[in-house]
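Chemist: Each chain, written out:
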Amino acid sequence: MKARGVPVFLMLPLVLATAACRRPAGAPPPFTGPVTLGGRAIAPAALEHGREVYTHYCRPCHGDAGDGKGTSAAGLQTPPRDLRLGVYKFAAVPAGQLPRDADFVRTIRHGLHGTAMLAWDVPEAELDDLIQYIKYFAPRWRTESAGEAIVAAPDPWGGREAEAVERGKRVYHGLAQCAVACHPAYATKAEIYAFSKELTGMEVRQFRPDLYFAVAKDSDYGVKILPPDFTFNELRGGDTPEDIYRAIAAGIGGTAMPTWKNVLPDTDLWAMAHYVRSLVALRDSPEAGALEQRLRDQPAWSPPPPPDAGADTDGAGDAGP
Amino acid sequence: MHIVLPHDASLDGHLVDGVIGYLTLTTGLAFLAVLVFLLIAIVFHRERAGRTRAHHTHGNRPRDRALTFAVALVMFVAIDVTLVARTAGELSGRFWRYPDGDPNALRVEVTARQWSWTFRTAGPDGRFGTGDDVVTLGELDVPVGRPIYLKLRSRDVVHSLYLPSFRTKIDAIPGSTTRLWFQAQEAGRFEIGCAQHCGVSHYKMRGLLIARPEGEYHDWLARAETDSRLRGDAALPVAGEADGWDWETGR
Amino acid sequence: MTATDQSQGGDAGGDAGGPGGGPGDGLEEIPPEPAGFLRRHVFSTDHKVIGRQFLFLGLSFLAVGGVMAMLIRWQLARPGVPVPVVGGLLFGRAGGLISPAAYTALFTMHGTIMIFFAVTPILIGGFGNFCLPLLIGARDMAFPRLNLASFWTMAAATAVLTASFFVPLGPPQAGWTAYATLSTAIGAPGVGQTLWVVAIYLNGASSVMGAVNYITTVIRLRAPGMTYLRMPLTVWGFFLTSILNALFVPVLAAAMVLLFFDRVFGTQFFVAGTTVGAGGDPILYQHLFWLFGHPEVYILIIPAWGIVSDLLSFFARKPAFGYRVTVAALVGVVILSTVVYGHHMFTTGMSPLLGESFMVLTMIISVPTSLLFLNWLGTLWRGASRMTTPMLFCLGLVFTFGVGGLTGLYLADVVADMYLHDTYFVVGHFHLIMAAALLLASFAAIYFWFPKMFGRMMSEALGKWHFWPTFVSLNVVFMGQLLIGYAGMQRRLYDPSVYEFLRPLLPLNRFISRAAYVLGASQLIFVVNFFWSLFRGQKAPKNPWAVGTLEWTVASPPPHHNFDRIPVVVRGPHELGHPAARALGKDWLGQDEGPVRPSADNATDGSTDGSPPDGSTEGAA
Amino acid sequence: MTAAASTVPRRRELDRAVGLLIFLGATAMLFAALLLAYAILRAEAPVWPPAGTPPFPRGAAAANTVVLLAATLALRAARSTDRRWPALAAAALGAAFLVLQAALWRRLAATHLGPSAGALGDVFFALSAFHALHVLAGLVVLAATRARPARLLTIYWDFVLIVWIVIYVAVCLL
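Residue numbers (my numbering), protein chains in the order written: chain A, 342 to 662; chain B, 5 to 255; chain C, 42 to 662; chain D, 81 to 254.
Because the hints were derived from the structure by calculation, they are not lab data.
You may find that some hints are simply not true.
Unchecked claim - If you want the ones that stay clear, here's a sample from chain D, every Cβ over 10 Å from chain C, calculated:
| id | residue |
| --- | --- |
| 1 | Pro-134 |
| 2 | Arg-138 |
| 3 | Ala-150 |
| 4 | Arg-159 |
| 5 | Pro-166 |
| 6 | Leu-168 |
Said to hold, decoys possible - If you only want the chain C side, here are some residues facing chain B, beta carbon under 7 Å, derived:
| id | residue |
| --- | --- |
| 7 | Pro-141 |
| 8 | Ala-142 |
| 9 | Leu-223 |
| 10 | Ala-226 |
| 11 | Gly-228 |
| 12 | Arg-358 |
| 13 | Thr-388 |
| 14 | Ser-407 |
| 15 | Leu-412 |
| 16 | Leu-421 |
| 17 | Arg-423 |
| 18 | Gly-443 |
| 19 | Met-459 |
| 20 | Asp-463 |
| 21 | Gly-529 |
| 22 | Arg-533 |
Ideal placement from N, C-alpha and C gives every residue a C-beta, glycine not left out.
Based on the provided sequences and hints, a complete structural model is requested.
Modeler: This is how it looks when you write it as C-alpha cells:
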C-alpha cells in the first residue's frame, strides 16, 4: 500500500518548483542593490518589503506594473493614478513638483474622498517602505527630489469666519476668477461683474453659457478632469479649511489648477478656503437647492454700458440699468 | 450593551425579523425543555449513596423507539415544517418575486470591485447605455416607496452586497449576474456592507444607501445626471463587458 | 503489500483464536516488535504510535490555531492597538500591531489549521488510529505501512503549510474556504496561496489513505463475534466518517487540482470577470468546495458523536439508549449530509427551486440528529452517572451541540439566511458545533483514553479545574458571536468600526475577547495536567473506568501486538448496570467476557443486544 | 501449518482487494468531480468548443488511447505467464503513453489548445495531466514489483485505462 503514497511524494518537488517561478507581468524585477529615489538611497530589502505592502493594498487598482490598470481599475469613475508618470495631484508642494513623503502619507492614510482611493490602514511602520516602492515606478524620482513644502500660514480669519466667507466669495469670483473657465460660479452675473470690477478694475462683460457648471479640463493623466462643484461633489483632497487652503495654495498637480501661493496674499487664500468650506457645508442640504434656484431665477443680466457712463459704481451688483 | 437588529427601513424586513423571532421562540422552548430534562438527569440520576446502580435498559423496546421517534417527529413538524411552509410562501410571494415587469421599479446596475461599489442607474430616459446614465461610486441613491431592482456583477472577486437595514444580501460574482430587490419605506442614510471576504481591505468596502422622498430624489437625479454627463460617465466600461445587462429576460 | 512480510516470521500462535472459530482462529501471528528507536517511535507502523503522533501533531497545531484566535480577538477588541508582549516578535515590521494583511492571514490560517491540521489529526488521526484496532479486537490496522505513509503525508502537509508563512507576500489570505477568484492569481498573487493548495491536497491524500485503512480494517479485521451491531459507537463514528472521507475528500482534491492548475499553469477554470477570455466559473469552485465542505462538517463531528454516545453510556453506567436507532441516525446523517451542501450558497443567486430544495433537505437532516440527541438524553435518564472529567466534557458537548444544532435552523432557512449569512451568527454557529463540540469531545477522549495511551491516569482534580472555565468561557465566546451576528456584524472584518451601525458592538466584542482569553488561559491547566500526568501521573490499571470494551482488556498501555489472544466477542459494548454482572460483584460485563447466564431481568427488557454468548460467529470474511 | 500458510496470504490478498476497491472508489470520485467541473463549464458555455478554438487532434489522442490499451493488455498477459517480456512490454507501453501525451500537450500548446489558451485546452490539459500522474504511479508500482505484477496492479491499471477512455470520449469526441 505504500506505493499509493508515492505519487503524492513525487508531485511535491514538482509542485513547489513550478509554484515558485511565476512573477506577475510588468512588476519590477527583484531588487538587488540600493536605489536612489528622491536623493535618498533605499535599501533593496525596504523596496522588497514595499512591494509586499503595495501588493496587499494597492495592486487591485494600480496594478502590478504601477500603471493604474489593475484588475479592478477598469470603469472606475476617477481612474487610478498611473504611478509611472511621477505626477501627483495632492501635495503641499507647488503643483508639478514632486511631493514630499508627508504628502504620500496623507493621501494613503486619509484617502482621496469620493474616489476608490480609500483611507488605508497601512501600519505607520510599513508606510515608508511602501512610499519608496511607489516612487520606484516613476523614473522622475531617480533624478529629481521632492519640492519645497508649502507651509500654511496661520489662518488670519480666526473668529471672523463670516467675514472670511464674504471676502472669499469676492476673491473667488472677482479676483481669482475661478469660474471663468473651470469651476461653477455661485454668484449672480451682476455680483461677479461687481466683484471683478471692485478687485481688479476689469469689467467682465461676457460669461460662458454654462457658467453654473464646471468645465472638464485636460490633464497630464490622459483623461479630462472635471473641477469639483463644491455644493455637490466631494473634495478629493479633503474638506477642512486646511485641506482646502492646501489645495488652493499648492494647486493640483497635473491639472489646470495652478499654484496660488505667492500669487495672491495668504489672507485671500484663506478667505477662499473659508468660502469654499461654506459651500461644501451646503452639500445635500435644502440651502444648496435654494442657492441653485436663486442663480437659475436671477434676472437676465446684460453688461452695463461702456466705461464712459460712470467710473465709481461699486455698489451692489444688481444695480443694473 | 446594545444588541438589537439594525433599524429596519424596508418593506419586507419585518418578514425576516418575524422568521428570526419565530425561530428564537420555538428553538428556545425546545432547548429549555432539553435543558430541564438534562438537569434532572444530571442532578437526580447521578451515582451517589443510595443510587449505585443504573436502570438497565437498551432502549430498544418498541415503546422506547416509538417515544423517541414521536418526540423527534413532533419537533420536526412543530419547528421545521412550519418554518419551511412559512418561508416558501414568503420567498415566492415577496423575496423571489422580482419586479421584472414593473415599470415603476428603479433599476440599478451594480459593479463590485476591490474595494468599492459602482452604481449605475438609467437616468431620466430610463434606458441604460445612454448619455444620461448616472454613475455613482460608493453611494446608492434611491427613492422611497418604489421597488429597487439591482443586478450585480463583479470585476474581480466574489463580493456580497449587504443591506443590514433592509435585512438582505446578495453576492456579486465575476462572470455572472445576480439580482436582488428591496424597497425603502423611509428616507435616510443607511450603510451598505460587503459581507463576503474579498481581500485584505474587505472591511473598507463600505457604501452608503441614501433614500430620498420621490421629489427630492428627482432633484438629485437631475443634478447627478448633469454631473455624470459633464464627467462623461456614459463612456465608462461596465462590468458586463460588451454583452450588456439583460433586463428583459429573467437573469 | 507488506504486512505479510512482517508476519511471515511470526509463530502461528496456535491458541490465538480461542474457541469461537472464525478468521482470527490460529492464523493471526503476533508480529515481532521492531527494534531501534526510529522504527519504534518515529517511523513506526504501530497504530498506537501513529495515533499518538497524530495526537501530538494535532495538539501542537491546536495551540497554534488557538494563539491565532487570541490575536484575532485582540484586534476585534482593540483595533489597531499594538499587541502586548508578543506583538514586536510576531508583527515587528508593522510596529507590533496587526495590519489588515496580517489579520486576513490570521483568520485564514486559523480556520485552515483548526479544521485540517488540529481537529482532523486529533480526532480522526489520533483517536481513530489508536482506538479502531483496539476496539474491534485487531492487532493493527489492515495496512500498517499505508498508515505510516498517511501520517508522514500529513506531516508533509503541515511542513508545506508552515512554509507558506515564510514566502514573499506571506501566508494565504483568501479565507479557509479560499473562494475563487480571490484564491486565484487575481486576488492572491503570492506563492503562499499555492502552498496552501498543495498543503490541503496533501492533507486530503493523508485523509484518504487513512479512510482506506479504517474502512478495510473495520470490514476485514473485526474479532470473531464482533458483528457490526456489536461495534462500539466510537467505531461506528470512525467507520462512517471514513466512508465520507473516501467519497468527498477527493472532491475537494479535485477543486484543489483545478485551483492549482489555475494558479500555476494559467488555466481559467475558476477565473472570470474582466480578465477572462473564455468562461471560467467561480461558483463552480463553491459547488466543489461545499460538496466536500458540508460532509466535512459531519466528517469532523461524527467521530465526536460516536465517542460521546459511548462515553455517556459508560459513565451513566447504563447501556446506550437505542443503540440501533443511533446507528441508523448516524447512517442517515451520512447519507443526508451529501445532499444539503447548497445551504452554504443561498446568497449566490441560485435558482429558487434549487434553493428551496436545499432548504428542505437541510431541515430533514434535523430528524436523525434529533434522534441521536434524544438517545443521549435517554442514556442519561435513570442512570447512575459518575461525574468524571470525561463525563463532564461529554455533558458539555451535549449542551453546546444543542445550542449549535438549533442555531443551524436559522441558517438553513433561506429568509433568515439572507440577513444572517456571512455574519458572525454563522461564525458563532459553526464554532459551537465545530470548535466547542469538537474541542469538548477531543478533551473527553483524551481524558478517557489517556490511561490506555500512556499508561498513567490524568489528574481528575486538574481535569475539573480545566473543564469549568473552558465550558463557561467557550459558551460565552460563541454565544456572544451569535449575538454579534444577530446585530448584523459581518465576518472577517479587520475593523468593524468602519461601519457606524457596528460601533455600539465594541463593548460586547471586548467582553467576548476577554472570555476568549480566559478560554485560552484555561487550556494551560490542560497542558500542565497532560505533561504532569505523562511523567508523574498515577499508574493506570488495566480498566480504570470499569467498562467492557475490548481496549480495556489489555494492559495500559497495550503491548505492541495489542492482544495476546484475539478476543472472541459475545455481546455489545455497553453492558453496564447489567443484572447478570451482580453475581460477579461488579456492574458491567466485558464484550469478550465468557458465558454469563442470561438473567430473567435481562429477558424482561426485551433486549436483543444481550444475545446469547455463542450466538453469533459471523466471520469478517 | 500448511493450511495456515496458504490462508494467510489469501486473507491478506482479500484485505488488499478491499483496500484497493475503496481507494479506486475515492479516485473515481476525484475524476468524477473533475468531469463534473468540465460538464458544468461546458453547460454554461454558449457554444462548445468556445468560438475560435481550433479543431482538436482526435487522431493523435486516439493513438495514445490505443497505446494505453495495449499496455493494459500486455499487463494482463503478464499475469498468465511466467515470462518477463509482457510485463516489460507493458512498462514500455505505459512509458510510451506518457511520452506521447507530453508530445500531444506540446503540440496543443503550439496550436492554441494548451492551458490558458481557452476552455477546451484547459479541460483537456488538466484532466489528462492529472490522469498521467496516475499512469506514472502505476509505472512506479510496476517498477517496484520488479515487473512481476500483482493481480491488484492489473485492476488498478484497468481502472486507469477506463478513466482515460472516459476522458477521451467526454473531452475529445463529444
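Chemist: Could you work out which of the previously given hints the structure breaks and list their numbers from low to high?
Modeler: Hint check: 10 fails alone, others pass.
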